[in-house]
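The whole structure should be built from the sequences, with the hints applied where relevant.
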Amino acid sequence: MSKYNSALALEDGKVFFGWGFGCEKTSLGELCFSTSQTGYQEAITDPSYQGQIIVFAFPHIGNVGVNLKDMESNSASISGMVLRCEPTAPSSWRSEDSLQNFMEEHQVPGIWGLDTRQLIRHLRKSGPKNAVLVYGKDFTYEEQDLVDIATSALSYDEIDFVKKVTCKKPYTYSQGNQKEHHVVVMDFGVKRNILRLLDQQGMKVTVVPADTELSEIMKWKPAGIVISNGPGNPNLTDPKIMDTIRAMIEATDLPILGICLGFQLLAIALGSKITKMKQGHRGINQPCYHIRDKCVAIGSHNHGFSLCKEHLNQEIQPFSVSLFDDCIEGFSARKGRIMAVQYHPEASPGPQENANIFREFASTVLCRLEKT
Amino acid sequence: MPVRKDIKSVLVLTSGPIVIGQACEFDYSGTQACCALKEEGFDVILVGSNPASIVTDPSLSHRTYIEPLDVDTIQAIIDKDRPDAILPTMGGQVALNAFMELKRRNALKGVQVLGVTSDSIEKAENRKLFRDAMHKIGLETPRSAVASSFEEAENLLKTIPLPVIIRPSFTLGGGGSGIAYNLEEYRRIVTIGLETSPISQVLVEESIIGWKEFEMEVVRDSKDNCIVVCSIENLDPMGVHTGDSITIAPALTLTDKEYQAMRNASFAVMREIGVTTGGANVQFAINPEDGKMCIIEMNPRVSRSSALASKATGFPVARVATLLALGYTLDEIRNSMLKNIPASFEPTLDYVVTKIPRFVFEKFPAVPNRLSTSMKSVGEVMAVGSSFLESIQKAYVSLEEDLDGLDQQACEAETLEGILSELGIPTPDRLRKVAWAIKTGVDLELIYHATKIDRWFLREIQKLVLFQIQLENEGVTRENLRQAKSLGFSDSKLAKIWKISVEELRKIREENKIFPICRRVDSCGGEFDTGTGYMYLTYSLDPDSYCESSPIKRDKIIIIGSGPNRIGQGVEFDYCCVHAIWTFAKEGFETIMINCNPETVSTDCDAPSIGGVKGKFSHKLYFEPVNAETLLEVMRIEGEPIRGVVVQMGGQTPLKILPDLDKIPILGTKKTAIDLSEDRGRFRDLLIQLSINQPLGGIATNLDQGRKVAKEIGFPLIIRPSYVIGGRSMEVIWNMKDLEGSESFDLYESILMDRYLQDAIEVDLDCICDKDEVFIAGIMEHIEEAGIHSGDSSCVIPSVNLSQKVLREIEESAKRIGLAMEVQGWLNIQFAVCGGDLYVLEANPRASRTIPFLSKFTGRDLNSYACQVMLGKKLKDIIPKKLCQNNYVGVKTSIFPFRSFSADPILGPEMLSTGEVMGIGRDFPTAFYKAQLGVGITLPASGTVFFSLKEEDKKHKALDLAKRLQNLKFKILATAGTHQFFTSHEIQSERVNKVLQGRPHIVDLMKDKRVDLVINTTKGRQSLSDSYTIREMALRKNIPCYTSISSAVAVVHSIEFATANREVVTLQELN
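First to last, the protein sequences are chains E and B. Each residue of the first sequence is one higher than the one before, counting from 1 in this note's numbering. Each residue of the second sequence is one higher than the one before, counting from 1 in this note's numbering.
Because the hints were derived from the structure by calculation, they are not lab data. None of the values given here were measured: they were computed from a predicted structure. A few of these clues could be false.
As the list claims (entries may be wrong) - Below, computed lysine-lysine pairings styled on DSS-like, alpha-carbon distance capped at 27 Å:
hint, chain 1, residue 1, chain 2, residue 2
1, E, 294, B, 507
2, E, 3, B, 507
3, B, 513, E, 14
Shown next as structure tokens:
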């Protein structure tokens, strides 16, 4: 077996050695994990993972390669990848390239040969950690140097990632479906499948930068607004953006759908609080109970912050709770005009049974149009 | 409080005896169902026919019937107990079929059905309805059509070209199905298929051999909430029955998009078929070229895969399915194994699970070991590893087939072309041949095209092969050792590669501190802390990996399980292990189970609570190969104090690992006594010392010696290799020619030869010894004569033919042997009574396969006595003073896989049965009659009987039989010799031709069902093959066929006296 050529160092002083793959470089990020057995490509291209190094619980990653259709954005979003087994060559009729090549092309380093279960256990007990992943052919770092890099880096919670991932200028998304009404998506790091599903609902989709002012948004004459998913701490969001969202709630009668980070921003705008969870939800197997429909839905979750129950106000009517820890996973406000879900209804990866929120949103939009 | 307030009592149908296609997975599911029902406050009525199972234990239900699962019997139970509801989804196909028949007969008036409806069963099992339903919801199925007659089937070939798959409706384990490549094969399989299907219907299906095969295990509640418990990928592509495939969980070669499409389709199928609540299994085929998806079938019930999925994920499918059937919804229940996780949480794995089936082709040498769409395996093992390779290598070790991992197996062919065509034929050892082919340099792409095994798996195996070459070249280094262990190389494999002893290898491993760590199967990939006691061992590349064992300082008892089901070792030993867990847990010990069979109750990490053990107990399950390496590592990890290791409950498996271990603190009978029983010479000396008879015998290491020994002891004799289970390769030898024709002298190092006691009655005795006293648990008289393996022979308790004097003599001998051997715990002795003399055939100081039968008949938890004795308690303090005796008779009868192997249904000293049933009656004829019903034979009350007897049987007994049958108004047919024998003794019979004597012959008559009973005894190889067609036809036409006079005597006795009205009795009433 060749010598170690890669290491992962955590801010708390833990250092792990292994073998590198992907791009040879040093990369910083918050170490978090995913327990999904499928969908690694969707995960690593999900902008919500910006600034994070993902530890995969499942041992065999790379098994189905990568392909263009499963991209959730134009590039890899993660800062690094941590695996137990060496990524394998792809075996899938859908595969167009190997994971290793993809990582190299997108400048993301990876490390394998680590006890990922132990890492996850550590993260579960002590919370997310800043970490540095180093991979290089002439790998000669001292442990303490690595730890110092991890410690000196800005904490994940202090970085406003949205600036990095939001689009630079507005664009229209279309798959050629017939368009009835226009929605504007505020892009905090939107996953492509959200746009795809909105399009499938017959909506004309325009994506705008997160800091677009309300007056600008209104120029598109939207029939509804979507506040997208995205990375980072919602409490760091630019106050101007928060003002835009508040104005959207108070000064317009537009239906609004918030997803993940969008959920958190709407909650804050409605006077509630979002706090860091002791243990986030990181998988595609999470059950929620939908209070209204009296049913269980399994979905894709990826959040480390949640709506603080102590600060619930009357504005917020929860309609979905986690069956695991009771945390609020969906709420409506303003008589159903505002809908927000903490989970990922667009799935990709994950079960698709939460996607009806898009239909509901579309019918709310339609309803309003019919009334006016 | 019960959710369903309108229901108080539930009748649970279980499956029957262990057969191919239906093994102890239903013991596991039935047990969980009963437990859940009891916990919810229902009165549980259970019916099953298998005495060896745990689910038929009287402690698990309120009213336990061990009765045949025919509809008359179940109806009698319903009439007697008037249950409010019936649960038919826990007992496999047998239970579903029985339920459907009850429904057709309108016998379920007022009894509600839980978990399924007859409509949905019809829709799922009727091939045409199912196909139509799938098309309705937009899912594709392979092109197919249904035929109900031979002519219809002929016509179908016009639209569906060969090759095709033929699948009979409503059969289990793909029974009667097959792949036809030409017209001749097609006609043959269709004929058999129409006969096999209870509704005479076959589906003829476009062959999609070579497509990838997947399964989804799903559950649904009454509010239409669905979750996937587990996805399973078959390593062997379409064309091999999934029960015979190597399978991997979770699926490893699907993108999320494909996986989700399959998940959505599974739910759609459940909804369309109408599985209202509970579990189901949906099978898919995927074209590897373009991802096209076809639905193959769905089981609207808990299945073999459910058991595998439960063990693979830690999600108790049967238990949850039962609760859902009662009206709970997924959000209302918690996963019982993982206290703080809701049942709706879809399990996710951070390890890989491999299942490998266990085959017994060596028992049926005439049958090619080719795998196809009808199931052939008798058991399976599962292994858990941190990677695919670790997992599959562990699974190979678990099989107990003397493999050290994925060992290479050379192809017979020598040319590349030959090798590839050999790899194209699915066989049990194909993957090992693939490894060999890779080693010899055959291109991976060529192997892929020959086998259609996904390239991902082939590449992994290539990795293994290359790494093994590296190990051979580089020799022992710490890094090599660490990496090898993480790829699942066993100590024994590495020892062989490096040409050192296993002990040396272990020493090197210890010096380098390379040890496995313990991981918990927690359903959530480590996302939450779950505290489950379900563990596996794995080797990490990271030397500082965390071991999750957290051993406690409390007296521990390690129980070694019995591994995969096979012929000779099955669920009966699981019964013993599980009862041992219960007893030791009740006694306050921490119990630790080691086993690798995913079908069993012993591998349920909830085992103690299933036994109703209340209060503080802790239990750990190590899901690991049952061998010395595992045991040593578990002992190292668990540390002191270990009170003892239990080796007498798991059949021969635990004893097999003992020679490797000297310093194991064995609980109960010591190693010296075990060795004594295995050492023929010493055992013979002991018997001489005790003045107890043994048949004359000797040992030979080659044919020359064999001839000499044979001359000394005389013919007939029984020969067998030493150290085997299930009478492997045992033969009765009648003359020198037979002896010279035997292969055993070439195959085995030493052969034991014993005088065969003709016309002897064989007796099985089980007793418990505490070194001071011996408690006789039961004496069972065999119905077939000595010479037929005790596991195959029917037996009866209490004895019918033996005198009190002989019985006393048997007891006395047993006591003397037990004390002399210093047995502490179970002792099983086999005796033969011949001409008034008593002989000891063998003695085994361990729990035997008759323990559960005896326990159920006597209504006592006999195994708890044995376990307490093993802890040092004395019999006088634990056996209740008052020994109640019931007035019933119990008969145990075996069931055979002849049909699956198209094999000659003749019994001999090599065990061939897969399972057993029990009949209970007020007298022997009734009990025997019920036992026959249990194995699917209805004895005729009148009709035509056919006799063909060997020379030795043309005696008084046979004449008596014929006369009695004549009195019963049977018409007698006989072959020439037998006819002459009858005529000369003034018994009327009609002579019929043997097959070789011209037509019409006996087989013609049987074909037309003009024969109702066959009594056919033969001897020697030639006559066996002469009469084979007779027995084969009996098997196909389901005509009762008996091959020994002793069983025929029991049959006639039974026909004479068994009462037709069904008296059903619970075990609780029995005692």
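Hints and how they fare:
Taken as a hint, the residue 294 of chain E and residue 507 of chain B pair is broken in the structure, with Cα atoms around 60 Å apart against an allowance of 27 Å. This hinted pair checks out: residue 3 of chain E and residue 507 of chain B have alpha carbons roughly 25 Å apart, not beyond 27 Å. Of the pairs offered as hints, the one joining residue 513 of chain B and residue 14 of chain E holds, with about 21 Å between alpha carbons and a cut-off of 27 Å not exceeded.
In summary, the structure is inconsistent with hint 1 from the numbered list given earlier, while agreeing with all the others.
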